[in-house]
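Visitor: Sequence:
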Amino acid sequence: MALLDLDPKVVATARELAAKAAEPVVALAKAHTTVAVERATLRLAGITGADTTHRAGDVPWVNRVVDTVREHCGLEHGVALPVFHALRHHDLPSLTHLAEATAAGQVRYTLPTGRDRDRARKAATTAITRGLRTVDRNRARRDKLVATLGDPPRRPWIYLIVATGDIDEDVVQAANAARAGADIIAVIRSTGQSLLDYVPEGATHHGFAGTYATQENFRIMRAALDQVSKEVGRYVRLTNYASGLCMPEIAVLAGLQRLDMMLNDSMYGILFRDINPIRTFVDQRFSRQVHARAGIVINTGEDNYLTTADAVDAAHTVTVSQLLNEHFAHEAGLPDHLLGLGHAFEINPGVPESFRLELAHALLARELFPDAPLKWMPPTKHMTGDVFHGYLLDGFFNLAGLLTGQSILLVGMMTEAVVTPFLSDRDLALRNVRYVLDAAGGLREDFRPAPDGLIVKRAHQVLGEAVDLLSRIVDDGLLNAIADGTFGLMKRPATGGKGADGVVAKADDYLNPAADLLEAHP
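Under the working numbering, the first residue of the sequence shown carries the number 642, and numbering increases by one thereafter.
Everything labelled a hint here was simulated from the structure, so no lab data went into it.
Computed from a predicted structure; not experimentally measured.
Certain hints may be false.
DSS-like mimics (lysine-lysine), calculated; alpha carbons at most 27 Å apart, straight line [to be verified]:
(1) LYS661 - LYS650
(2) LYS1132 - LYS661
(3) LYS671 - LYS1147
(4) LYS671 - LYS1139
(5) LYS661 - LYS671
(6) LYS871 - LYS785
(7) LYS1147 - LYS661
(8) LYS1147 - LYS763
With beta-carbon atoms standing in for the labels, derived distance ranges [unchecked claim]:
(9) PRO976 - GLY755: 36 to 42 Å
(10) ARG1113 - ASP732: 57 to 63 Å
(11) VAL651 - GLY1036: 31 to 37 Å
Glycine residues also receive a C-beta, built at the ideal position from the N, C-alpha and C atoms.
Put together the whole structure using the sequences plus the hints.
Guide: Okay, here's the thing in structure tokens:
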């Protein structure tokens, strides 16, 4: 039910401006590829494993092959044609054998022409189609499990993080959390993984403040949550992070292992990890196409802006980012029901009427994006170490999420910013959520902000400021706005950042069967 009486013309103008601001960036993304996109393509084609003999440590076969193709004939034509031409030319039985021969210096990659090009294109398309069929089967399997086991009986869904560094210990904590009421388990990544330009292989037991995102770790956790889903009688969803320098690859691995949600923001890597803007926009478009095909809900990262900028002064930048994320998602084929836009309860609690302002901001997001599974983030910036005050703030956060119809509620920890939460902290946090949902579950039907009150006026003000900012971005360009520190106070020029050397302008005859298949059937 609409409570803010937003002007439909203003809302339509905001979306039109977001589309105009995004259009040049989409064109830029379409005109480029990256090493990560090409590696993701080979993962869909079936390459797995790593070169374990390298003196600097294990090197994934996809990295070995893509780097060698780039050295021999460039990536502007795509990796698929040289790779599948070499596979046939050397009469090798699999891509893994080709990778091993590549590491041994036995393969010289060339760009095929004529009939050789046609054969390579056909072989690449067949292999990649096989990978996408695995993604499709996983989507169907998820739908079947949800139909059989059922969804959580109420909204918002309760989202809880595990972060031990050891996948086996993560499994124990995740299962216990599901038994205690968590509906979504997020396995946070090891610190710094977003800056690795490769995806580690195998199960890992030594992460730092998180666990490495690997295909095997995905498989282990998905199997464990399937088991506990049967036990608790509802489908427990699994989340990880498709961001950073390997965003497209991790998206593919998520599809191949039936993850359900992925952190996937259009600007997070640029702003908070200093990754090159063009690299990020190219990678996020491909990753979102994969997520659309896999039926994976993305979670965007607008909450992060409010940890560096003031949550009142910068509220409109969150709305602008949400509108941009929406357009980028739609353009990549991601529908509203998979668009988990983010926002957060981060206003300084010392600000007068802070709770009413939080309600205004949360309700604005809900009414601007009525069909999106919004992800509501708990307070972190103003958690001081006073665990009693923190527990109270989390209770208010839970109540705000309930009153404004948020879809996904990330569980706040009273020990946020003090220590890595213990199991007992998580248990208390889940009790807090359960109390609010049980005690005030139907309160939303009684919640009616006054038409001329602070909540409604503030929502209109933020939307108006968002439209004004979008107008300036259309005039100046989104890349310039990012460079000027518009979002989260982070200044990131288009020519800077990590991973810029991994961006490649496409040639006129560029070919990527994965991209073609995803464009044709989102």
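Visitor: None of the hints should be skipped; say for each whether it holds.
Guide: Do the hints match the structure? See the list:
no. : hint                         : verdict
1   : LYS661 - LYS650              : holds (16 Å)
2   : LYS1132 - LYS661             : holds (22 Å)
3   : LYS671 - LYS1147             : holds (9 Å)
4   : LYS671 - LYS1139             : holds (20 Å)
5   : LYS661 - LYS671              : holds (16 Å)
6   : LYS871 - LYS785              : holds (13 Å)
7   : LYS1147 - LYS661             : holds (23 Å)
8   : LYS1147 - LYS763             : holds (20 Å)
9   : PRO976 - GLY755: 36 to 42 Å  : holds (41 Å)
10  : ARG1113 - ASP732: 57 to 63 Å : holds (59 Å)
11  : VAL651 - GLY1036: 31 to 37 Å : holds (34 Å)
Checked against the numbered hints given earlier, this structure breaks none of them.
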